[in-house]
Amino acid sequence: MIVFDGVCVLCSGFVRMVVKLDRKSRFRFATAQSPFGEALFRKHGLRTDAYETNLVLVDGAAFTRLDSFVAVMAELGWPWRAAKALLLLPRPLRDWLYERVAKNRYALFGRKDSCDIPSAELRGRFLG
Numbered sequence: 001m002i003v004f005d006g007v008c009v010l011c012s013g014f015v016r017m018v019v020k021l022d023r024k025s026r027f028r029f030a031t032a033q034s035p036f037g038e039a040l041f042r043k044h045g046l047r048t049d050a051y052e053t054n055l056v057l058v059d060g061a062a063f064t065r066l067d068s069f070v071a072v073m074a075e076l077g078w079p080w081r082a083a084k085a086l087l088l089l090p091r092p093l094r095d096w097l098y099e100r101v102a103k104n105r106y107a108l109f110g111r112k113d114s115c116d117i118p119s120a121e122l123r124g125r126f127l128g
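Position 59 of the sequence shown, counted from 1, bears residue number 59 in our numbering, the numbering being contiguous throughout.
No wet-lab data here; the hints were simulated from the structure. No experiment lies behind these values; they were computed from the predicted model shown. Just so you know, nobody snuck in bad clues.
Okay, derived cross-link-like pairs now, DMTMM-like style, lysine to aspartate or glutamate, Cα gap no bigger than 25 Å in a straight line:
hint, residue 1, residue 2
1, Lys112, Glu38
2, Lys43, Asp59
3, Lys43, Glu99
4, Lys20, Asp59
5, Lys43, Asp95
6, Lys84, Asp67
7, Lys103, Asp49
8, Lys20, Asp67
9, Lys103, Asp113
10, Lys84, Asp59
Start from the sequences, fold in the hints, and give me the full structure.
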């Protein structure tokens, strides 16, 4: 499960990339702005007034920040699993790098007025 900021162009682009690479359709998606996404954010102690991280749930484990990206890439198999090398960076550095992008993502990549409506093909993979 990937819970993401549905109005963030970068976050939505990440989801579109995962959809293309996820040939086994392992991942389901929810926008953080949906009632379901908001509930998951609250359950995992994340803010619901500013969505500055993705929340990824894999086999019951929750991942945020750069670790969420690594968790998704690892599930997609080779060569994407090579992203695990990012875990060699100390956590404070990983978090600092992620936060720099997260805090500036709208300025760098843009923001939509509303969340995208998934295509009929993808609708079944979206929850909430």
